[in-house]
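Could you put the whole structure together from the sequences, leaning on the hints where they help?
Same order as they appear, the protein sequences are chains A and B. Heads up, the first sequence is in this note's numbering, so the first residue is 69 and it goes up one at a time. Heads up, the second sequence is in this note's numbering, so the first residue is 3 and it goes up one at a time.
FYI, nobody ran anything at the bench for these hints, they're computed from the structure. Don't take every hint at face value.
[As the list claims (entries may be wrong)] Below, a sample of chain B positions facing chain A; criterion: calculated Cβ distance under 8 Å:
no.: 1; residue: Ala13
no.: 2; residue: Ser16
no.: 3; residue: Leu17
no.: 4; residue: Arg18
no.: 5; residue: Pro19
no.: 6; residue: Arg20
no.: 7; residue: Pro22
no.: 8; residue: Gly23
no.: 9; residue: His29
no.: 10; residue: Glu33
no.: 11; residue: Leu124
no.: 12; residue: Ile125
Heads up, the beta-carbon is just placed ideally off N, CA and C, and yes, glycines get one too.
Given next are the chains, with one letter for each unit.
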Amino acid sequence: MPDAHADQDWRAWFTEHGARLRLIARQWTRCEADADDVLQEAFVRFWKHQRHLPGNPNALVVTSLRRAALDLLRRGDRRAAREKVVGDDMDTVTWFESEADPRLAALADSLKLLPAEQREVVVLKVWGDLTFEEIGEQLSISPNTAASRWRYAMEALRKHITARTHD
Amino acid sequence: MTDPDHDIEQALASLRPRAPGPAVTAHLAHELDASSSRRGLVIAWSAGLSALAAAFVAAFVFLGGVAETESPNYQLVHVEQSRPDVQFFRPVQMNDGSYARPMRVRWQDTTRWEDTRSNTRLINYRPNDQLTLLPLETN
Chain A
69 MPDAHADQDW RAWFTEHGAR LRLIARQWTR CEADADDVLQ EAFVRFWKHQ RHLPGNPNAL
129 VVTSLRRAAL DLLRRGDRRA AREKVVGDDM DTVTWFESEA DPRLAALADS LKLLPAEQRE
189 VVVLKVWGDL TFEEIGEQLS ISPNTAASRW RYAMEALRKH ITARTHD
Chain B
3 MTDPDHDIEQ ALASLRPRAP GPAVTAHLAH ELDASSSRRG LVIAWSAGLS ALAAAFVAAF
63 VFLGGVAETE SPNYQLVHVE QSRPDVQFFR PVQMNDGSYA RPMRVRWQDT TRWEDTRSNT
123 RLINYRPNDQ LTLLPLETN
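Dropping the structure here:
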């Protein structure tokens, strides 16, 4: 099969996109170390088996991230225990570089208040650079459901930011 | 008309996700380099095999050229045509009302060639089979 991205410098590609891909991995994992593991495994899997496929590699890498994250959760039949840990360790401020702007810091912190299903749509749209249709494919939901989760999330974030601004 | 979600989305996009840990970057660099090395090894093997194949082709052409000068020089030494075997069939009526008798003739042509230098022979055997119609006159 011909390589559709034969001229692609994948190391440079990863340098450019690694941070946002890690954030996507982070929201599906329980801690920073797991996010790194998932990112590493997913990118290697993509690079070995899918990098020659035509089209935008971004969606393929995101799919690979999701599979690797689910594999990690299922591994050792510790899913229930890990999901509890995910809930305990959801400090979304640490997902980002520290922000001097208090409004941005508050926004980063507000992400933890979102239900997980809304938060993953936000992460996939903003940092995954996916359309609602692509998000629907990733999460096995309809594009309309993805769009409505996005709207609920935006509304919740706006209310939270407004409330903190008035405090 | 402005999208009320646009400001929030833009603010979210301005947040800077943490970069992958150095261990991840190092591992990926190692993985990509290792695969490239393996690919390089395959390319080297391919190049080696190509060179070997080229050498074989060159040898074949070279030896073929030598062999051509030493190829057998056949001379025609014998020609033979067998006695024909003739068969007659019952007369048939043609479309124009006339009659004809089908006749089948079979024979073999054989030629023999020899190269005295290599003491080799080449025998060409060709069977022939022809069917013809002999017109019959009726009174």
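### Message
Of the numbered hints stated earlier in the document, which are not met by this structure?
### Response
Of the numbered hints given earlier, those the structure breaks are 11, 12, listed in rising order.
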